[in-house]
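Enquirer: Below, each chain spelled out in residue letters.
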Amino acid sequence: MSTAETRSGLRLWLWVPLALFAFFAGLAGYMLTQEKPEFVKSTMVGKPLPEFTLEPAFDGLPGASSSDFEGGKPRLLNIWASWCLPCIAEAPQLEALKEQGVEIIGIAIRDRPEDVARFLERHGNPYTRIGADAISAVQLELGSSGVPETFVIGADGTIRYQHIGDIRPEHIALLKAELEKAQ
Amino acid sequence: MIAEIGLAALWLAAALAVLQMISGAAALRAGDGSTHPLAIYARPAAIVQAVLAVLAFLMLLRAFAITDLSIKLVATNSHSMKPMIYKLTGTWGNHEGSMLLWVGVLALAGGLLAGLEKRLPERTMGATLAVQGFIALGFYAFLLFSSNPFERLPVPAAAGIGLNPLLQDIGLAIHPPTLYAGYVGLSVAFSLAMGALLTREVNPNFARAMRPWVLGAWVLLTLGITAGSYWAYYELGWGGWWFWDPVENASLMPWLAATALMHSVSVLAARDALRTWTIMLGVLAFSMSMLGTFLVRSGVLTSVHAFAVDPERGAFILALLLIYIGGAFTILALQASAVSEGKRFAAVSREGALVFNNVMLSAILAIVLLGTLYPLLAEAFDARVSVGPPYFNPASAIFAIPMFLVMAVGPLLRWKEDKPARVQFEMLLIAALLIATLAIVALAGDYPLLPVLGLGLAAALGVAAFLPLRGRKLSRVPTAVWGMVLAHFGVAVSLLGMASEGAFTEERLAAVAPGDTVEMGDWLITLDSVAPVAGPNWTAIEARVAARLGEGEAVTLTPQARNFWSPAQATSESALLTRWNGQLYAVIGAQTPDGRWQLRVWWKPFVTFIWYGGLLIALGGVLAIVGRVQVDVKRRKAAELGEERRADLAALTPEPAE
Chain A
1 MSTAETRSGL RLWLWVPLAL FAFFAGLAGY MLTQEKPEFV KSTMVGKPLP
51 EFTLEPAFDG LPGASSSDFE GGKPRLLNIW ASWCLPCIAE APQLEALKEQ
101 GVEIIGIAIR DRPEDVARFL ERHGNPYTRI GADAISAVQL ELGSSGVPET
151 FVIGADGTIR YQHIGDIRPE HIALLKAELE KAQ
Chain B
1 MIAEIGLAAL WLAAALAVLQ MISGAAALRA GDGSTHPLAI YARPAAIVQA
51 VLAVLAFLML LRAFAITDLS IKLVATNSHS MKPMIYKLTG TWGNHEGSML
101 LWVGVLALAG GLLAGLEKRL PERTMGATLA VQGFIALGFY AFLLFSSNPF
151 ERLPVPAAAG IGLNPLLQDI GLAIHPPTLY AGYVGLSVAF SLAMGALLTR
201 EVNPNFARAM RPWVLGAWVL LTLGITAGSY WAYYELGWGG WWFWDPVENA
251 SLMPWLAATA LMHSVSVLAA RDALRTWTIM LGVLAFSMSM LGTFLVRSGV
301 LTSVHAFAVD PERGAFILAL LLIYIGGAFT ILALQASAVS EGKRFAAVSR
351 EGALVFNNVM LSAILAIVLL GTLYPLLAEA FDARVSVGPP YFNPASAIFA
401 IPMFLVMAVG PLLRWKEDKP ARVQFEMLLI AALLIATLAI VALAGDYPLL
451 PVLGLGLAAA LGVAAFLPLR GRKLSRVPTA VWGMVLAHFG VAVSLLGMAS
501 EGAFTEERLA AVAPGDTVEM GDWLITLDSV APVAGPNWTA IEARVAARLG
551 EGEAVTLTPQ ARNFWSPAQA TSESALLTRW NGQLYAVIGA QTPDGRWQLR
601 VWWKPFVTFI WYGGLLIALG GVLAIVGRVQ VDVKRRKAAE LGEERRADLA
651 ALTPEPAE
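Chains as they are written, first to last, in my numbering: chain A, 1 to 183; chain B, 1 to 658.
There's no promise every hint is true.
What the hints assert, rightly or not - The calculated label-pair distances, taken between Cβ atoms and stated as ranges, are: (1) LEU20/A <-> ARG508/B: 40 to 48 angstroms; (2) ALA96/A <-> ARG508/B: 47 to 55 angstroms; (3) ALA511/B <-> GLY124/A: 32 to 40 angstroms; (4) THR53/A <-> TYR391/B: 36 to 44 angstroms; (5) GLU95/A <-> ALA511/B: 35 to 43 angstroms; (6) GLY146/A <-> GLU519/B: 45 to 53 angstroms; (7) MET84/B <-> ARG11/A: 53 to 61 angstroms.
For the record, the hints were derived by calculation from the structure and aren't laboratory data.
Glycine residues also receive a C-beta, built at the ideal position from the N, C-alpha and C atoms.
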């Protein structure tokens, strides 16, 4: 039953899977060596802060709106939540920034007033204002995809810098430098 | 001690894999008839290795059961406060544990193969076991050098970090192990294909030996995919049942290849045709399993299934892929020319239909593969794209539709050569059903094209699945044929579910206060109350939603928005109300600033048929295995009996009977 002509003829198609696989392996190998941005950078950096007005997140502090960032100096906009663990980790760093004279305005994501109050009582309150963003509306407008994130808002009301994830002690100097630049 | 026993077992198993490889290679090198002294070790090595790998897995299971916090993996993935069942499922709810499960199943499959398979020539068997050992060795190395599940912490942790809450679900208890068993079961088909290729023993006898393994792996894959789809459907709370996510595709691709392989191996067994093609599919199916593992584990693709992402591990698996897939395809290309083509057949024949559908399945596989890898390709050029249903659905439908049509007719055709006129009545019936259904649905309303076509095909296929039984005495139909009928009917049932869900789903998103009622189709949905509830390791906002169909009794659904505290994460627990003709699906969302609640409800007619169909397909596969094994055992018994009789006869002949 063997067919002499197919046997002698080079069965080129048999090399096709190998060629395709080689292409894939090359591509995958190349991609593995590439640095992968772990987080999604906001495209809003460099653009003016979008307009928003948020209710107070709890009774102790006023709410936040985009107009609170107007006038004179750069500020930090910190997106956080009482239910977020890294936010606890970054609390001391925010406290340190506050002590160095930085004004920090918070936006609490999907939070409850009593939880916000308890969190601040336990981990300190570095904020001058906290707005409540129950449905992540402002968070999404800012192009932020998670908590915590911190934005440097320039004196002119533009978003200058985005810090994704919790602020660690080594980030403080960086944020200070960005604040300087945003004068 | 637990960790040390597990680790020792893994090292020993790896050593045995080396022995298995050498011994198998020795069997291959020995000529026919002669035996190499080393060749006898391959089978025992495989069996003992299976015992050791399973032991290692059991040790890890035990560590999770008692929450041994001195083991890094347990500390980072478990928590003493978790319910027992989720402590156990947590064993494979992480990278290292699931790779250990992967390797355990691999060794088990190799052990079963070594213990059960007695029909193949020793040289082929030796080559097969050598390949199996070679694969296992690579994955042992991966576990031991880059993903050691038994690593100890220098100081035991005080409390565990916990298991991803999405994974704290009964779906996780069954879905990954089943899927893994299927994935890795295909390794046997791969090894057998390589063994047959190396010894050029590609013949019906080989196909009959390979078939139960392919069927078994295929059944497990089918069940795993079905369970996974249902898990995503109710656990993610998005109302969808298939997202074309890379991880889902990673399970679908081996299934497509295995489906093609299963049919082509049947052609090889029955007709001695499609030799090279069967070998190629055997290599391809397990290659897809390994590729899937790579895509999922290396993090080169972003997916909703956020697994441990580690480029070093990715590089390790990629190296394994290069060795195994690259090696197999190279041997295939070099060696396959030496395998003769096998028997010829006419275009209109059972084989013809099977080949056509094999090509269609391969085309769908190529489309899924392309869609899955395209983001990777685009990213190499710094473009971020995500490929979704708008690509996958129509592109795969182009090949799926002709495949379903041929699938309706194919089983009616005769082997080798047939005339379409012989099955004229059946073809007309199928066409009439298809056209009638399409006409009815088109008249009933304005629905999207693909679901409408799906409904028509489901109706035609549902009836066509039973046509092979026509004119046969039902009590004499072989079990394997029942398996085929059931599996093909399952495809129709599943297709009906998918199409119906696509065409007729009604959805309502509303902000409601307790006491408010919203209308959706014939359903009246009332939000009765919203109250906090607590579970063993979570708290939740639970809504009580009363659903009423017309004048009927109200049924209460309780969707929850859950907050887990170890680790902290919010999940949405959908609530389902199952009726025979569909499911009501409710999800509670966030509270709006004015105190109302976001309530999302769907009515999905016949959506459950998707998974019933999946179960039927798997059941069909089980019947096929039973049928094939029955016939095999009978054939072997008959052969033995014949030999005995001949021996008796030979013993009796010299002396005349009394």
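Enquirer: Could you tell me which of the numbered hints above are not met by this structure, giving the numbers in increasing order?
Expert: 6
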